[in-house]
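Below are the chains, spelled out letter by letter.
Number of protein chains: 2
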Amino acid sequence: MTSVNKTAYPFDKTRLEAVLNRRFFYAPAFEIYGGVAGLYDYGPPGSALQANIIAEWRKHFIVEEHMLELDTTIMTPAPVFETSGHVARFADWMVKDSKTGDVLRADHLVKNVLEARLNSDKEARGLAAQPVKEDEKDKKKKKKNVKASPVQLADEIVVEYERILAKLDDYTGPELGELCRKHSIKNPDTDNEVTEPVQFNLMFASSIGPTGQHPGFLRPETAQGHFLNFSRLLEYNNGRVPFASAQIGRSFRNEISPRAGLLRVREFTMAEIEHYVDPEDKSHAHFGEVRHVVLSLLDRHTQSAGSTQITKTSIGEAVDKGTVANQTLGYFLARIYTFLLKIGINPDRLRFRQHMANEMAHYATDCWDAEIQNSYGWTECVGCADRAAYDLSVHSAKTGHPLVVRQALKEPIVIEKEVPEFNKKNLGKKFLKDSAIVQQIVGDMDETQLLSLKEQLSKGSATITSSDQRSFELTSELLTIERKTLKQSIREFVPNVIEPSFGLGRILYTMLEHNFWCREQDIERGVLSLPPLVAPTKVLIVPLSAREEFDPLVAEVSMKLRKAGVFSRVDDSNTSIGKRYARNDELGTPFGVTLDFASVANRTMTLRERDTTTQLIGDIDEVIKVVIDLVEGTITWPEACQRLPAYDGVQAIE
Amino acid sequence: MTSVNKTAYPFDKTRLEAVLNRRFFYAPAFEIYGGVAGLYDYGPPGSALQANIIAEWRKHFIVEEHMLELDTTIMTPAPVFETSGHVARFADWMVKDSKTGDVLRADHLVKNVLEARLNSDKEARGLAAQPVKEDEKDKKKKKKNVKASPVQLADEIVVEYERILAKLDDYTGPELGELCRKHSIKNPDTDNEVTEPVQFNLMFASSIGPTGQHPGFLRPETAQGHFLNFSRLLEYNNGRVPFASAQIGRSFRNEISPRAGLLRVREFTMAEIEHYVDPEDKSHAHFGEVRHVVLSLLDRHTQSAGSTQITKTSIGEAVDKGTVANQTLGYFLARIYTFLLKIGINPDRLRFRQHMANEMAHYATDCWDAEIQNSYGWTECVGCADRAAYDLSVHSAKTGHPLVVRQALKEPIVIEKEVPEFNKKNLGKKFLKDSAIVQQIVGDMDETQLLSLKEQLSKGSATITSSDQRSFELTSELLTIERKTLKQSIREFVPNVIEPSFGLGRILYTMLEHNFWCREQDIERGVLSLPPLVAPTKVLIVPLSAREEFDPLVAEVSMKLRKAGVFSRVDDSNTSIGKRYARNDELGTPFGVTLDFASVANRTMTLRERDTTTQLIGDIDEVIKVVIDLVEGTITWPEACQRLPAYDGVQAIE
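Heads up: the sequence lines are chains F and C, in that order. According to this note's numbering, the stretch in the first sequence is residues 371 to 1024, in order. According to this note's numbering, the stretch in the second sequence is residues 371 to 1024, in order.
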């Protein structure tokens, strides 16, 4: 076996980006029109990679866990997001450059400036500076002539900056403004001061129908589409909980100033699960199967203390200790972890970070993000929130449509409570049309209020007041209140929702970073070591040339692979076999087979593995069998080397 | 074999809709908020059905024809649609009720009113009226008390109405207004007159970024995303044409007054192919493989003559005769036909209709729609247009980015032409900064203009004029024009685009109509005879009850099917086996296997076929093999009956 050194050169984002652009994994959308920040198009390899990640997601979650798939609408009438709280609160804090009017996201501004100062400080102290961030590069491009000399900071300032950065996500808008003033944070592009942070709602607005009277928004998440269909889903599931719905689809966020490539975009594909669970029992039937999975956790206490030190612990222990709130949340964290590893994320660069109190979305009671480390830092790629009963409750209250589970109790529950009873005839005579209002006021009373009313009635009469301040006098001829024993045989409850939510573009990009390297012999030869499971093309078929004599064999191999469900591509372009392999190393194609004159004469074919570039040789059908096993993951390359002889690059024609 | 009578009852849309709603194939979006016309959510079986249709589409087109898949952005900056012509012309004609202000689509109004009058006429003549359309029903609901008595029309009026309806799609807005006046067409809901038709742009508008300065639209088709990436796609394809790009994704049209369920919606999933071809050679390499396919064609001449008579002809003949413009267009019509049949469309209710002149989209030079007959009439489900060089040319002209193919010529072409040559030094001296303008004016001249200029120069001097009406005098000291012989070794051309464009929701809905029927014995028992290829669930696993003793067998069968890639579902709900089968007949599940006490004792299992309800029995593993073959389509049910003994409904435990 040739051993491969994948770390001969440090990761170089510029090289990766050149490969992704050259091979059209993705590109800025509307590029020939000058582009629009935060919008990207996926080309053939990017689309295929994304489709393969989605297919595996569907298998790993929807099929294996019997989830109910949905495909709901993107365009959403405004009242839905008014109820959900997005109209009021789905916003970021933005500041403006006080002179140019350029718009900046407040938290990003603070982060970029403080990180730059810390890097400068390190340089001044003669310590190795951290790799320069992309945003810094942009800046430098803009004012190349102002190459600042390193500035050393006081030790206590360094500590303070680091503390601020560790809990950055926890600051409110006014607090971010305060930070800018206190630490003289200005727009680094212009050195101008910035305005006080103001909120900017991130939803794209439109209007539905020809009259312009129905405002709508593009959904910023798929979740509301699940919640609004809850009753139908529950019925489809024969009325039982727990169960989960799942959806893969496009969402939109009008980001203030998107940078960082696929990591912060205005339109993106999400995969979201809403798992509905009894609020009194958040255990998970299959938790035992994942209990042993060890995760890197960064809890909220650690962060509040200004640290980012992770703790490695089994999810079983984390739930037992209460670090992770419940089994269902823990179960999904472990399943997210195994999914990400399957598609090629490096486990050493994956952590689960708990949200701090102010950071949490308005609906969540606990939330952990799967964060993946990449050249931009640690990036949230999957959120896993316990949204409690928030969404179902607010939609139910708003629409009057009950979004509840009704469960037959094995043992009826016996309760005692105060029960009001009206004498309808007397009530009607006295209050006429207002009878209904009177009944409603009393009906809305809680136990304490009923008891107080009962006491007043026992003393002769009581006066109640409607919401519009009208008074009604009641006597025991009209109303009696008695303590009664009631049997309850149905339990009704609003389920809680655990939501794992995947940003597929972010996962795709960080995965590409984790799998990119350059060959030790030649830094110009980039390789994407994509797992066969998600690689856009599994097998490259390379005829020696485009000559017709190879056509029947190319067609045969191509057809046999297709029949086995293995996606292959033929490359008969007019260039050397070496160049064609190099191109496909950049495309992440794990295996290549070559057809030459010996193939025509002897029916042999060579098989090349991308990472090691080692080659094997064998009968065409035997090689096909081996390559199918490799792609399906039933054998490894060393095992394949046991089944076929090595090929030394010289093939004789008998 | 039990023979099955699927036509015992006429198709009943109300029954189908009840099934689709009850089983949550799809439902109005935001239903608990009162819904929004034209927006629908797909539930679990609808999502799965759609996903299966998409998977087959991907296989039939993208994989088999080596198309380049794309995934481009929905949110699009306005300049793109200004260039493409959508801002100016992507509109429908709408009229308003002159009193209530209600908005109606002009062509739909004419159609509904004239069809209603023709139906009333038939009734008056004692002929069987056509089944009442949904739109009519809605109307009747609104004014139940106004049950109009049938009105007979003059014979020549009947002929005129039929002629209008046959060429309805060919009228312009003013012509529709004229029709309303001439035939007293009023809003049928109110009997009020309607206003003159005005254009309403169907794109949803929004704005991109925090400053509101960048107007954007939601794409009404995915096509522009292909065209803007043409250069990258061509390079990915090693510079060769023909090739095709393909994309599956969401598009949006702000329909004026959507009705007709999934057939006219505001948000929908499309699958679009853009096939780039040499304008001088629109032949197709694989046309020979489809030449024999017989299609039902309705050409534009037939329609213009006021008829809707179809002609059955092989696509080979249709192309040879020039009815269909070229081989590539013909090839795709045939491929569309085979795709639609595969997923369950009835060929007798499928026709290809050619667009008439006024009807054609602004970019098309020829266009055929695959129309599928259903209870709403004939509905366009796939468009297949020759967009010529329109899109690539306009984007290229607007952006200055060449969207062209450059082809090395085998034989260089030798041409003679007039070539202007400036004396730059003298030119600069005389015109200073205006030199560039002078050069541009001459550079933009065609052969005739150059010849005329040459003649004037030979006579002493010539005067040329800029676009802003400034004159420049030229002499032969400044400019000479000579006839030169040039060799051209590269041919540069803008490819033409053939575009098959699929509306997946419409295909899905019409397919459901074509496959719905009620059992002869019991009209209440609806069946969806979905082909196994697209059925949401392929095999239902039915344990006799939810008792634990069946669990290991259920798990075993479930796992073995999953391993074979066959999607199954377990139904262990607390109801009779018969009811569970009936539910799955409505869900279109083609096969069911039952596990009972005999299974536990003997390892036998029964297998039921949905349409015939006949059952077979055999060893569990043998039944699994048969069911896999059935699902993969390698055997038919009659063949399965040869492999397993019939089951009479009584199973003994040995």
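Keep in mind that a hint or two might mislead.
To be verified - Straight-line C-alpha distance at most 20 Å; calculated SDA-like pairs for lysine to any residue: (1) Lys-930/C - Glu-435/F; (2) Lys-466/C - Thr-581/F; (3) Lys-712/C - Pro-902/C; (4) Lys-930/F - Pro-902/C; (5) Lys-780/C - Arg-917/F; (6) Lys-933/F - Lys-780/C; (7) Lys-429/C - Arg-939/F.
I should point out that these hints are in silico values taken from the structure, not numbers from a laboratory.
Against the structure, the hints:
1. A distance of roughly 16 Å separates the Cα atoms of Lys-930/C and Glu-435/F; the hinted pair therefore holds under the 20 Å criterion.
2. Taken as a hint, the Lys-466/C and Thr-581/F pair is honoured in the structure, with Cα atoms around 11 Å apart against an allowance of 20 Å.
3. For a cut-off of 20 Å, the pair hint linking Lys-712/C to Pro-902/C stands: about 10 Å separates their Cα positions.
4. Of the supplied pair hints, the one linking Lys-930/F and Pro-902/C is violated, its CA atoms being roughly 24 Å apart against a limit of 20 Å.
5. Our distance criterion of 20 Å between C-alpha atoms is met by Lys-780/C and Arg-917/F, whose separation comes to about 18 Å.
6. Restraint check: the Cα-Cα separation between Lys-933/F and Lys-780/C comes to about 38 Å, which exceeds 20 Å; the hinted pair is violated.
7. Our distance criterion of 20 Å between C-alpha atoms is met by Lys-429/C and Arg-939/F, whose separation comes to about 14 Å.
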